[in-house]
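Please build the complete structure, drawing on both the sequences and the hints.
Sequential numbering from 8 applies to the sequence shown in this note's numbering.
Do not take every clue at face value.
[As the list claims (entries may be wrong)] Only pairs whose alpha carbons sit at most 20 Å apart, straight line, appear in this in silico DMTMM-like list of lysine to aspartate or glutamate:
1) 285 with 191
2) 208 with 193
3) 208 with 261
4) 112 with 149
5) 104 with 78
6) 285 with 193
7) 107 with 149
8) 285 with 244
9) 71 with 86
10) 362 with 344
11) 362 with 342
12) 71 with 244
13) 71 with 101
14) 250 with 201
15) 71 with 351
16) 250 with 193
17) 156 with 75
18) 156 with 113
19) 104 with 85
20) 71 with 361
21) 71 with 191
22) 107 with 75
23) 112 with 101
24) 362 with 149
[Said to hold, decoys possible] Now the in silico label distances, taken between C-beta atoms and shown as ranges:
25) 201 with 262: 13 to 23 Å
26) 97 with 362: 36 to 46 Å
27) 188 with 113: 23 to 33 Å
28) 112 with 262: 36 to 46 Å
29) 110 with 339: 19 to 29 Å
30) 201 with 250: 16 to 26 Å
31) 72 with 252: 40 to 50 Å
32) 252 with 101: 21 to 31 Å
33) 244 with 191: 14 to 24 Å
34) 104 with 194: 40 to 50 Å
No wet-lab data here; the hints were simulated from the structure. Even glycine gets a Cβ: it sits at the ideal position worked out from N, Cα and C.
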Amino acid sequence: MSEQTTETSESAEIMNGKNVVTGKCPSLASRFRGCMLGSLIAPYKAYTDDTAMTFSVAQSLINKNRFDPQDMAKKFVDEFYAHPRRGYASSMTDVFKALKRDDCKDPYGPGRLLYAGRGSYGNGSAMRIAPIALFCHSNAEEAMHIAYKSSLITHANELGYNGAILQCLAIQKALHTDSSVPLDVDQFSLYLQEKMATIEKNEDQPSMLNSFLHNSSQPRRTTINMTKSSYVRKLQEMRHLLKNPTVSAEKVVDVLGHFVSAYGSVCTAIYSFLRSAKDDSASVGGSSESPVQRAIRYAISLGGDTDTIANMTGALAGAYYGHEAVPPVLLAHCEAEGVEQAIELADCLYQAVEK
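As structure tokens, then:
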């Protein structure tokens, strides 16, 4: 076999998300890199608030080697004032200004006051959750707890922080799922559905996080009609869509959404990843693409809040396939400094948890 043929063969193996010569899945370190790089890719060259806040979360966890709400809030504020034109929502601008005035002494206060005390239910906390999934990769309970607490800095509405918890769990699941065999998308989805069922309870039942939520020093839970807005129900609908390989993009958007709300975007990102992994022919770009590129391309094809949905989809695909499956052609369209920083932070997170 010629050297050129060998290189072509190895390239094809990498594009399939595994090394079929060795039969091994990507290493955990590769998956950490893939997750951070995947979350960088979106339909814009300069990275947006999504990536800026993801980097801030990672930096705080690395520097403190734990979740420190004041430090993380300060990282958000410092990054915002250093680069205020990365596309931050006006509500987040208000939060950061209030945090700065108080020198982040009450990291949860400004977020709790948004929208007349109802808190934000946007997808901002879900889009930045990847470093927490990596930092707590071996402990789902700790990951859910930190995902919740970190979300409260900016997103104190139940739909906002539960969306972040769901995305965190999905990344963890992708991180530890064998990518050398076909992905069982229904089992993957069912795992998430069962996890969210332990969180979502009726109003007269205590949630798994009630002890923290109802601590007098923390914000209280916002009452939501969960019979209408349930991630469990949304995941059930997602599982149904995954069983139909010819379902239209319009139907996917109608059922799952493509909006700035967490409820209307997190399951869309998970679906984009699972659909692309399940069936190459269901993708926009075809089977010759990298699986990471295929998933992101499909997410973008749905329209709507494309940068955030692509960000969350890329984090999932990168965590599953590893950084070898993130094609240079995609990274070439990203801000160079962001690519370097994503790799550095991924490596630091890996070193922090694998000491």
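Broken hints, by number: 2, 3, 4, 7, 10, 11, 12, 13, 21, 27, 29, 32
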